[in-house]
Amino acid sequence: MAAVVEETVVPETEVPVATDVTFRIRRFLPDVDEDAHWEDYTVALFPTDRVLTALEKIKGELDGTLSFRRSCGHGICGSDAMRINGRNRLACKTLVKDLDIKKPITVEPIKGLPVEKDMIVDMEPFFAAYRQVLPFLIPEGHEPTRERLQSAEDRARFDDTTKCILCAACTTSCPVYWTDGQYFGPAAMVAAHRFIFDSRDSGFEQRLEVLNDKEGVWRCRTTFNCTDACPRGIQVTKAIQEVKRALIFRRV
Amino acid sequence: MQTHTFDVIIVGAGGAGMRAALESSTRARTAVLTKLYPTRSHTGAAQGGMCAALANVEEDNWEWHTFDTVKGGDYLVDQDAAEIMCREAIDAVLDLEKMGLPFNRTPEGRIDQRRFGGHTRNHGEAAVRRSCYAADRTGHMILQTLYQNCIKEGVEFFNEFYVLDLLLNEESGEPVAAGVVAYELATGEIHLFQAKSIVFATGGYGKVWKTTSNAHTLTGDGMGIVWRKGLPLEDMEFYQFHPTGLAGLGVLLTEGARGEGGILRNASGERFMERYAPTIKDLAPRDMVARAMVQEVREGRGAGPNKDYVYLDLTHLPAEQVETKLPDITEFARTYLGVDPITELVPVFPTAHYAMGGVPTNVETEVLRDNEHVVPGLYAAGEVACVSVHGANRLGTNSLLDINVFGRRAGIAAAEYANSVEHVDLPGDPQGATIALVERLRSGTGSERVAAIRKDMQDTMDMNAQVYRTEATLKQALGDVQELKRRFANVSIQDKGTRYNTDLIEAIELGFLLDLAEVTVVSALERKESRGGHAREDYPNRDDVNFMRHTMAYKSTDISGEEYVRLDYKPVVTTRYEPMERKY
Ligand SMILES: Cc1cc2nc3c(=O)[nH]c(=O)nc-3n(C[C@H](O)[C@H](O)[C@H](O)COP(=O)(O)OP(=O)(O)OC[C@H]3O[C@@H](n4cnc5c(N)ncnc54)[C@H](O)[C@@H]3O)c2cc1C
Ligand code: SF4
Ligand code: FES
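These protein sequence lines are chains A and B, in that order.
Going by my numbering, the first sequence opens with residue 1, and the numbers climb by one from there.
Going by my numbering, the second sequence opens with residue 1, and the numbers climb by one from there.
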């Protein structure tokens, strides 16, 4: 039995130390502030602490007005996308040890959605775009008594895009989305992909109409910002390309 | 202040709330009030699967599933409810597939199934493949699929609306549901919602503990609101500690990891579960595995610098299997502990996970106000409710099942009731209590801070009311919580604004948590036996003579005006299974 342990790497057992880390946070309180401004906060953190832990500490111990959304705390609910050192990330999935703590760590709200307060943005335009692409199964024919059959290969075809947690990190990293009111944004494309490539779905024509209508897809300039931003590791740009190709050839 | 009128109000947009909404919205005018955007609900964190005896990969039937549920729950399960759940499980899974849920598939293209703790063939012979799953993201897929179908059906959501009070009125001297009061996060405005039926689907209260798999937002609001109305809470001493939380963090690693063949080992590499559950070993029910882990650590066989955890070993499994069947938990271990499960052992320790207790309901999901009577128009489903299908210990996969089966039942029952009655008048000054609560916190000038009180509560609950309890530890926890409640009266918040005031919300949530911590500890103190998730070291055996009964806790006031937790008891419903000793 013990042999099993010897063969495998036993985790390191260093005793971690807390260090002071400074955060430079973009603040905006709608009840009192005219404009957004930067404020610095310093808290003691362990290397394995998340940026979310830091924000919780700042809110709990230094300044209760600091406002941000969060729920699950481990990258699964999509609440806390924000710009950390200029990159869109989830605060709960960004560890202090992966950031340069010699300089203040900047934290700002995601771009392209109206800022309501500190890190809190208006998510409605984002969800509205999602709803427009008909993000639900549109089946054909009679409902079977048992499950619909689907081969493991057909299931794998759209696996990547089922992982989306609607955090908006991709959409709000897209330069086209920032400037163009017509573009659905990458996350909505990911949702479209999820259904277009599901062998059980027959809604292709309906979705095609929506996607062509506002030139929704065609604005994508393949900058790959979205793929880099996605905390779920979804190949967002690839998914958008596949959707475009399906629209051009009118088949999946 | 705005007033809205609906037939049915559903509070909560997790799995239970949205499953209810899909039924109710096609039958009656329905609104869903949720403090989170629906897709942020913690159902999305569920990993391992949802059990149903589909028999897609091996022989199985719902009666075996019922037996496992009853035995897993240490015979405190109401057997009529468990039968319903396990029978309706099959359609519940098939319904989700028809709605589009991308389950993993067998080579024949059917829904694939895997093993899970406590689920067995023919009354305990061997582990059975019963859990329907989508990698280790089953809850995510359920939540997304339900939300997508809510969009399809045009369900009306009020997002980031915090329900803070339940409105009851009286009809012929009996309480009936009349509406709810909600606080809109964006504006700070109070809204009144009048409705004929109200469904609570607000989830659990894991944030009472420090080490937990639960979200920051799982603060037991629904249970707290119902409690403050003088309605009972059932079996609150039964709280589940899941064996495999990432050590020190509590982030969950699904039992599906052991279902795929993962093994628990102590510091010397021994597969210690062989000693505790010789037949099904690592796939014993959670309460037994959690106790075994704590036992190993107490007896000095823990690993790490402080010898305070054990290991989950997946290194013998093919890398491909781990990457494809357990991709998310593999990533959690890599991200948060810097440990790669493919080649390294993962440090794990029990984490506060699931409330078996909650708002008592009957199988129609109607909320009980005592052992016999329901509150007309009031329903509850999901983790907030206690039907009771989980008894003293829930089996893995049975909660995703519970939220689908009883969420659906709640939606139908609430809509049908709404279609058969008129609106009840709202009571006088319906928003008064909520405005007072908000104003007291907003204008408070005390020296206490929310985060400090919350931390102290979580520390004492982890220390004194966790996997193992004794009279002494529980008394310590009770004293601490009562002291924290006094401190809470002196709390103040910094954010005095009206818009997106999360400082205020956290204070309100802490109030609910403190109430629930107290009820949990008082209920645990009085249950002088060990059963399922409630392990009393001073009473190590199950005592069917005195304690084969549900606890019913009520908020009461004594003659001097002091509030206290009054306990009463309710019989367990037994249909076909006589209590036996629990061996695996
Ligand atoms: C990490 C993890 C893994 C799990 N894995 C499994 C598994 O594999 N299988 C299984 O069967 N079970 C699993 N469980 C348990 C299961 O996921 C939960 O018990 C279940 O999802 C709870 O669903 P729910 O709908 O009752 O509540 P939730 O999904 O928690 O939803 C609660 C809803 O209530 C709303 N709400 C709360 N308070 C208020 C308020 N005051 N006003 C308005 N709205 C409010 C929230 O916004 C939210 O929408 C797991 C749990 C965790 C934590
Ligand atoms: S695709 Fe990725 S980045 Fe975009 S919303 Fe989904 S999870 Fe977030
Ligand atoms: S808090 Fe849920 S994704 Fe970060």
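Simulated from the structure, these hints should not be mistaken for laboratory data.
All residues carry an ideal CB built from backbone N, CA and C; glycine is no exception.
Check each hint, because a few of them may be wrong.
What the simulated footprint calls covered on chain A by chain B, stretch by stretch (three residues with Cβ under 8 Å from a Cβ of chain B suffice, anywhere in the stretch; the number is not a length) [to be verified]:
| id | segment |
| --- | --- |
| 1 | 26-36 |
| 2 | 61-69 |
| 3 | 73-83 |
| 4 | 216-226 |
Using C-beta positions, here's what the derived DEER-type ranges look like [unchecked claim]:
| id | chain 1 | residue 1 | chain 2 | residue 2 | range |
| --- | --- | --- | --- | --- | --- |
| 5 | A | Thr-145 | B | Pro-540 | 47 to 53 Å |
| 6 | B | Pro-327 | A | Ser-199 | 19 to 25 Å |
| 7 | B | Pro-540 | A | His-142 | 53 to 59 Å |
| 8 | A | His-142 | B | Ala-436 | 52 to 58 Å |
| 9 | A | Trp-178 | B | Asp-80 | 56 to 62 Å |
| 10 | A | Asp-213 | B | Glu-171 | 49 to 55 Å |
| 11 | B | Arg-29 | A | Glu-34 | 41 to 47 Å |
| 12 | A | Pro-144 | B | Ala-433 | 18 to 24 Å |
| 13 | A | Lys-238 | B | Glu-563 | 31 to 37 Å |
| 14 | A | Asp-213 | B | Thr-343 | 48 to 54 Å |
| 15 | B | Ala-186 | A | Lys-103 | 30 to 36 Å |
| 16 | B | Gln-494 | A | Glu-34 | 18 to 24 Å |
Hints and how they fare:
1. Counting residues of the segment 26-36 of chain A whose beta carbon lies closer than 8 Å to any beta carbon of chain B gives 4, which reaches the threshold of three, so the coverage claim holds.
2. Coverage of the segment 61-69 of chain A by chain B holds [criterion: at least 3 residues with CB-CB distance below 8 Å; count 7].
3. Counting residues of the segment 73-83 of chain A whose beta-carbon sits less than 8 Å from any beta-carbon of chain B gives 7, enough to reach three: the coverage restraint holds.
4. Residue count for the segment 216-226 of chain A with a Cβ under 8 Å from a Cβ of chain B: 0. That is fewer than the three needed, and the coverage hint is violated.
5. Between A:Thr-145 and B:Pro-540 the beta carbon distance is about 49 Å. The supplied range of 47 to 53 Å therefore holds.
6. Take B:Pro-327 and A:Ser-199: their Cβ atoms lie about 22 Å apart, and the range 19 to 25 Å holds.
7. At roughly 57 Å, the beta-carbon separation of B:Pro-540 and A:His-142 lies within the given 53 to 59 Å, and the hint holds.
8. In this structure the supplied range 52 to 58 Å holds for A:His-142 paired with B:Ala-436, their Cβ-Cβ distance being about 56 Å.
9. In this structure, A:Trp-178 and B:Asp-80 meet the distance hint of 56 to 62 Å, their C-beta atoms being roughly 58 Å apart.
10. The beta-carbon spacing between A:Asp-213 and B:Glu-171, approximately 52 Å, falls within the hinted interval of 49 to 55 Å.
11. With their beta carbons about 42 Å apart, B:Arg-29 and A:Glu-34 fall inside the hinted range of 41 to 47 Å.
12. Roughly 51 Å separates the CB atoms of A:Pro-144 and B:Ala-433, a value that falls outside the hinted 18 to 24 Å.
13. Against the hinted window of 31 to 37 Å, the Cβ-Cβ separation of A:Lys-238 and B:Glu-563 comes to about 59 Å, which falls outside the hint.
14. A beta carbon spacing of about 50 Å between A:Asp-213 and B:Thr-343 agrees with the range 48 to 54 Å that was offered as a hint.
15. For B:Ala-186 and A:Lys-103, the hinted distance range of 30 to 36 Å is satisfied, since their beta carbons lie about 34 Å from each other.
16. Under the hint 18 to 24 Å, the C-beta atoms of B:Gln-494 and A:Glu-34, about 20 Å apart, fit the expected range.
Checked against the numbered hints given earlier, the structure breaks hints 4, 12, 13 and satisfies all the rest.
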